[in-house]
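Undergrad: Residue numbers (UniProt numbering), protein chains in the order written: chain U, 1 to 132; chain E, 1 to 132.
Hints are computed from structural coordinates only; laboratory data are not their basis. Any given hint could be a false lead.
Claimed, not checked - A few chain U residues that face chain E, going by a derived Cβ cut-off under 10 angstroms, partial list only: (1) A18; (2) A22; (3) G62; (4) M67; (5) T98; (6) Q103; (7) I112; (8) I119; (9) D120; (10) R121; (11) H130.
As the list claims (entries may be wrong) - Distance windows between CB atoms, simulated: (12) S54(U) with N24(E): 42 to 52 angstroms; (13) G110(E) with V85(U): 32 to 42 angstroms; (14) H130(U) with T96(E): 18 to 28 angstroms; (15) D99(U) with Q87(E): 49 to 59 angstroms; (16) D61(U) with A124(E): 26 to 36 angstroms.
Since the model is a prediction, treat every value here as computed from it, not as a measurement. Note that beta-carbon positions come from the ideal geometry of N, C-alpha and C, so glycine has one too.
Listed here are the chains, written in short residue letters.
There are 2 protein chains.
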Amino acid sequence: MTTRHPDTADTTDPTLEADVFARNCASRPVLQNVASRWGVLALAALREGPYRFSALRRRVDGISERMLSQTLQNLERDGMIHREVQQSIPPHVEYTLTDLGAQVADQIVGLIHVLESNIDRIRAAQDAYHRD
Amino acid sequence: MTTRHPDTADTTDPTLEADVFARNCASRPVLQNVASRWGVLALAALREGPYRFSALRRRVDGISERMLSQTLQNLERDGMIHREVQQSIPPHVEYTLTDLGAQVADQIVGLIHVLESNIDRIRAAQDAYHRD
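Go ahead and model the full structure; you've got the sequences and the hints to work with.
TA: Here it is in structure tokens:
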């Protein structure tokens with residue numbers, strides 16, 4: 001007879017060490033948010049300094065207002081960014097990285113740097129792949 | 001009168017420096033592939049060493065055969081991984097990181113490490129966000 005462990009009812013077990021390879025680990029959706037199509041670019045942009053919504057939207061070329069809004073909500077919920085309403089006329093909302101968000105953004109900027117500085121190798125690989 | 005530059009007909013301009021913030025830069029889809037939901041996990045797994053398809057599928061808990069196959073094709077096309085058919089009976093296919101793939105995977109493993117080691121802070125942020 002198998003005894004059912006109470007933890008199996010939960011989707012995540014907080015007593016276990018975080019492991020993104022485990023499908024139910026709480027760290028996996030966080031990784032998916034920060035590494036999402038727009039999450040990476042928003043974090044990398046905010047690594048340059050605080051941004052207001054409209055300026056951030058111009059920096060992250062191609063993002064829609066709706067997607068930026070959703071992306072920022074996810075990042076705020078996971079503790080990556082801080083949202084501050086400025087008492088100006090008209091009021092503005094400014095976004096800043098938290099300490100944790102800055103650590104995450106550093107890793108993402110490192111990743112982007114590797115890709116940008118190797119774009120010629122990547123293009124050569126793509127050409128060779130499509131030729132074969 | 002504006003002269004139309006021949007390069008404007010292309011979606012990407014190889015004479016410009018790579019910049020993921022520019023919507024048509026060739027580096028952006030590459031960033032999206034390596035930072036995709038399954039791309040990050042496949043690269044991080046292959047940082048541990050070469051994997052055969054079926055073992056990689058077990059390591060990346062929750063991925064379907066179809067999604068793993070698609071993910072590996074994208075990574076191979078971008079020059080991140082090398083695919084080798086082994087002359088065994090039955091034949092096996094083994095996947096290994098290229099030098100570039102290893103550099104990219106290092107950044108991703110660094111990102112995962114930051115998230116996993118801060119999961120308590122992230123959970124606290126999520127709880128506070130949902131309480132407000």
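Undergrad: Look at each hint and say if it fits the structure.
TA: Verification of the hints:
1. A18: holds (4 angstroms)
2. A22: holds (6 angstroms)
3. G62: The hint holds - G62(U) has a Cβ within 10 angstroms of chain E, the shortest such distance being about 4 angstroms.
4. M67: violated (13 angstroms)
5. T98: At 8 angstroms from the nearest chain E Cβ, T98(U) passes the 10 angstroms test, so the hint holds.
6. Q103: holds (5 angstroms)
7. I112: holds (5 angstroms)
8. I119: With a closest approach of 4 angstroms, the I119(U) hint holds.
9. D120: Since the shortest Cβ distance to chain E is 8 angstroms, the answer is holds.
10. R121: Since chain E brings a Cβ to about 6 angstroms from R121(U), closer than 10 angstroms, the hint holds.
11. H130: Given a least distance of 8 angstroms, the restraint on H130(U) holds.
12. S54(U) with N24(E): 42 to 52 angstroms: violated (22 angstroms)
13. G110(E) with V85(U): 32 to 42 angstroms: holds (33 angstroms)
14. H130(U) with T96(E): 18 to 28 angstroms: Roughly 21 angstroms apart at Cβ, these two residues keep to the hinted range, so it holds.
15. D99(U) with Q87(E): 49 to 59 angstroms: Once the Cβ atoms are compared, 52 angstroms apart, the range 49 to 59 angstroms for Q87(E) and D99(U) holds.
16. D61(U) with A124(E): 26 to 36 angstroms: holds (34 angstroms)
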